[in-house]
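**Student:** As you go down the protein sequences, you meet chains A and B in turn.
If you're matching positions, the first sequence starts at 1 in my numbering and goes up one per residue.
If you're matching positions, the second sequence starts at 1001 in my numbering and goes up one per residue.
It should be emphasised that the hints constitute simulated quantities derived from the structure, not laboratory data.
Just so you know, not all the hints are guaranteed correct.
Derived pair list, reagent style SDA-like, types lysine to any residue, alpha-carbon separation capped at 20 Å [unchecked claim]:
hint: 1; chain 1: B; residue 1: 1105; chain 2: A; residue 2: 145
hint: 2; chain 1: B; residue 1: 1107; chain 2: A; residue 2: 143
hint: 3; chain 1: B; residue 1: 1107; chain 2: B; residue 2: 1018
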Amino acid sequence: MKLEVGYIPIRDIRFGPESKVDNNVLYVNKRELSALILADEGIASVALDLARPGESVRITPVKDVIEPRVKVSGTGGIFPGWCAKVRTVGEGRTHVLKGAAVVTTGKVVGFQEGIIDMSGEGAQYTPFSKLNSLVLVIQPKEGTESHAYEKSLRLAGLKTAEYLGKLAEHLEPEEVHTYETLSVTEGIKKYPELPRVGYVLMLQSQGLLHDTYVYGVDAKQTLPTLIGPTELMDGAIVSGNCVSACDKNTTYHHLNNPVVEDLFSEHGKALNFTGLIITNENVYLADKERSSDRTAELCAYLGLDGVIISQEGFGNPDADLIMNCRKIEAKGIRTVIITDEYAGQDGASQSLADADAAADAVVTGGNANMVIHLPAMDRVIGSIDRVDHIAGGWSGSLKEDGTITAELQVITGATNELGFNTLSAR
Amino acid sequence: MIITNNPLVRSTYENAHGVLFVEGNYRDVLVQVRDLVHRRHHLITHPMMGSLKPNETPYRSVIVSDDPQKNVDVDSVLIIEEAILVFDRFIKTARSDRGTGSTEKMKEDFREIDLSLLGSALNK
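Only chain A is shown next, with the shape it has when bound in the complex:
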């Protein structure tokens, strides 16, 4: 399976009479796009707004961030199961509007969370401050229940990313990256001396605001399975997870998974990137047992020497993480886990809710309880009134002058457990 990913850099975003990409500027026709979004009967209104890197803008509450992409050749389309038919993606050619993003906001529940600051201290903690963003502020029809509203918001984001992505279909990319996955036997023949390394990608899958979808299927209904790493780059995995802003994986993260990126870059040099296994994080203890058993069996079946395991969320996913780690290690396969920490504001407390001696190689995405101070912004897209109530905020977090003192976990993507960010600890 071989995929070419072509980057069309986007250096600015503006509204205009015609949606197009011209001279690295993304123009968006507000009317046309609004009509597309409002075709969803559950949506009462949509306001489109723009946020650029360096601007004095705060976006909150952020639900998802999505990168515009389009399939130029190869089977299937971007976001299979949602915007395209359920055909296997991950081969052929895909174009990306690099530097652009669609950000969805909307209060699905009263404590809806997640802040992206485009400048100031907060901007340093989120990768999304560096993107030219189209923000969708979506209001549901009165009486829409939370599940339906979440779905409408999710689909609006995906449809918008697809709409913008299509503008790149016939453009010439400035950079083309090629990713190739060999079959298991081809890999062994080609790199007999290199360690065989796999990646276990854990997906949040617990219910309303805690879900992830694979080819349109709710991940909590699945068994762990092998998936081509390039399938992620075409949107095979979509986020419906909105809780725990700092360490949830947005759809943008799934499209640009840094573990996949790094494993590909070392493939054939330091290691043989043998396979990617996706697994879930369910609330049912029997599911945890079953999924971690399956995951370990798949790792052994592939004859792996080492495995990287990344987690999503905190609390009971720590149990899944440790079960995966323990069972894979028990097969004689070494593991490295990627997580983040809730170690208290002073960083002195135990950082995970579960632990095991087998977990002796850990990479952290940072301490989500660390206190940060955010300056006031000239403009807020979305609504700010709930900051006192969101995770990491407290009564008095939002001052009258618009400044915010809160824990790092208020920032979308700040302690991402795929290692997307630069925060860590030694």
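Position chain B relative to chain A; hints supplied.
**Tutor:** Okay, now just chain B, sitting in the frame of chain A:
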């Protein structure tokens, strides 16, 4: 059997499943579950379900086996004891007081999330 302090879980499931309603907070639910686990009930769902931290939501629902089993399940004991330790740590170290200081509208949302998380295990 569902142990819960969430009235919405009680009203949704009381006719279909055994519900032990706890008049108390999140920790009181965990303690009730711990006592049952020591009386040989086995844990069915993880007591720290969802990404809402213990200091962020006032509601908690946990499923244990209907009847006492032959033996105490050591894994269940470890998981519930750990959950209580984590709860105490969060209440002590984190300043967020969202769980108990929520508005009525937010409490309604917390009840719904708790119901949905539990439902993801029950409606399989």
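**Student:** Mind listing which of the numbered hints don't hold for this structure, in increasing order?
**Tutor:** Those not satisfied come down to hint 3.
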